[in-house]
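Here are the chains, one letter per residue:
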Amino acid sequence: MSADATGIEVPAQFPDAAGHFGTFGGRFVPEALVAALDELASAHRAAMADETFRTEFADLLRDYAGTPSLLYEARRFSARAGARVLLKREDLNHTGAHKVRNVLGQALLTRRMGKRRVIAETGAGQHGVATATAAALFDLECVVYMGQVDTERQALNVARMRMLGATVVPVTTGSRTLKDAMNEAMRDWVANVDETHYLIGTAAGPHPFPALVRDFVRGIGAEARAQCLELTGALPDAVTACVGGGSNALGIFHAFTDDPQVRLYGFEAGGDGVDTGRHAASITGGSTGVLHGTRTFVLQDADGQTQESHSISAGLDYPGVGPEHAWLHDTGRATYLPVTDDEAMAAFELLCRTEGIIPAIESAHALAGTLAIAPKLAAELGRQPTIVVNLSGRGDKDVHTAGEYFGILDKE
Amino acid sequence: MSERTSRIGVAFDKARADGRALLVGCMPAGFPTVEGSIAAMKAMVAAGVDVIEVEIPYSDPVMDGPVIQRASDIALAGGVRTRDTLRIVEAVAATGAPVVTMTYWNPIERYGVDTFARDLAAAGGTGLITPDLIPEEAGEWLAASDAHGLDRTFLVAPSSTDERLAMTAAHCRGFVYATAIMGVTGARSQTSQAAPVLVSRVREVTDLPVGVGLGVGTGAQAATVAGYADAVIVGSALIRCLLDAPDEATALTALRTLSTELSEGVHHPTR
Ligand SMILES: Cc1ncc(COP(=O)(O)O)c(C=O)c1O
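Residue numbers (the working numbering), protein chains in the order written: chain A, 1 to 412; chain B, 1 to 271.
Don't take each hint at face value.
[Claimed, not checked] Simulated coverage check for chain A against chain B, where a stretch passes if three residues somewhere in it have a Cβ under 8 Å from a Cβ of chain B: (1) 23-29; (2) 179-190; (3) 236-245; (4) 297-306.
Don't read these hints as lab results, they were simulated from the structure.
We put the beta carbon where it would ideally sit given N, CA and C, even for glycine.
Kindly generate the complete structure, drawing on both the sequences and the hints.
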């Protein structure tokens, strides 16, 4: 597979025209939104084929977001892992995570469609901050929906969004967390769809969002593949990432899907453990259903009511997952495994102490999963494996959570 | 697919002959309790509501505004199950009023589409209104509703293209649901400008009756909508009667009063 700087030159052959990945995906939305989704799908198709759009996106990624991000060989962490671990440093991007790629792509698309207003949902506030950033850069009105529980525990990110000029709306319905913020964003969108783009934060939701978000983050894998070949002279044995809605994982997986020798691993938030019922592992601990406009794996009860998810990581704390992951799981192309809060925090600490890098707690799930699979992979291959890990974000936003977890905050 | 053999089709024919519209009143199943919702629905029928729309409460109702969200939350917190909805449908259908069910899609997939259709038909329900299911994704439901003789009401919106209006109406049976505004459920002070335009666009592509919902809350608004639509669908305003009342007796009195007012409206269309 070839790729230009954006990684989007080769169109993916899936989903189908109606947005299905096998039996997953599609559109489960009010009819009122169908016209807007059709408009978005055709804008997406046209943009992907447009040299000017691709150049503009590539320039923004390079000059504003700071990509390509480094592929860094983490030698001291590797020694502990028993694998050659290469970190894809998305934490070094502007705003501190892979998410900037998606928001820049969608902001460009918003301008292309002639819309002046963007809305977004956010859990911890990372996607909200990234959206507010792009809105400032593109001079768009920006409204971010955030569950009231989250506005209280992530006050700093609320302040960040406001500094950037966004309006933050605390959502007081349902469980008052990310899924309810998403419901409220959809309600806003139905009412204001003419002038508003819903800048969704992950590769989930109704068609064309899963494909569109994936296309804007595919550069991660395109870069990593070329960097790995240059650094090691070979493809990696495995590529790993954490999976919330699934954007950073799809972003790094995509360039490798046609390389059968490269194993793909997605690590879900196992919370207190999948068997405790307190987790956010939709694929390993959920079942097939419809949520937020798409058919996928969902945490739900016997009547199809969505269940609350639990994770120490706000960015993974979502009871669904993007439909392309459901499909990659179904086809067996990728393997999904849960990682508990404790396992993630142990890996978090290990990266801090061995490499001087404080990762996002989301990304720490990918590190923990890598530590778990490395010995098995080594045994299977009969040699030290090479593993590319998507370090999707930096941990500054998590200092308070991690400080409390490790009991290292001074009492007032 | 426009032959009207359903009970709801018969009701539409009769209303049309009387020169009036049908009044459809919506209530979430299990709100405030299972028994309480049955009592409320029966009171509505007694006070002149022609058709009862039983909404299956769902955790993530993206088409609904604050009133229905709150009522659904109360019903779910009370532990209402999908099978309770079927019991409610059966109890209300016993009054002789047609009972249609409105539901987000996931609870039906979870129950089993064909199984639900069978059980709904057995309970005496006329069919489903599906706010987040478009015909393109409805293959299993099309088959199940045919197999069990149920009506299918998909939604059309002011933003629907002519092509989609025709396609959607062609997949409906019983009636078509026209959403009066671009937005979620909830009573509004003004009636929609877009609704009459949408209804006449729908009439160009189908002979099926057209119901109009979203935003109607008073007798005067009901009369206005009855002037161009075959059914006036009211939810939030009726539900608020129960949310706002201090006790069940007060609630039912308020519900009867509003139902009577709305019924007056649909019997005297403003043309
Ligand atoms: C750093 C980081 N990684 C990962 C995620 C999870 O999202 P996704 O699965 O879409 O990559 C988030 C979400 O907030 C995040 O902030």
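Okay, the region 297-306 of chain A and chain B, do three or more residues pass the C-beta test at under 8 Å? holds (count 7)
Are there three or more residues in the region 23-29 of chain A whose C-beta lies closer than 8 Å to some C-beta of chain B? With 4 residues close enough to chain B, the hint holds.
Under a C-beta cut-off of less than 8 Å, do 3 or more residues of the region 179-190 of chain A approach chain B closely enough to confirm the stated coverage? Result for this restraint: holds, n = 6.
So is the region 236-245 of chain A in contact with chain B by the C-beta rule, three or more residues under 8 Å, or is the coverage claim wrong? violated (count 0)
The structure fails hint 3 only (numbered hints given earlier).
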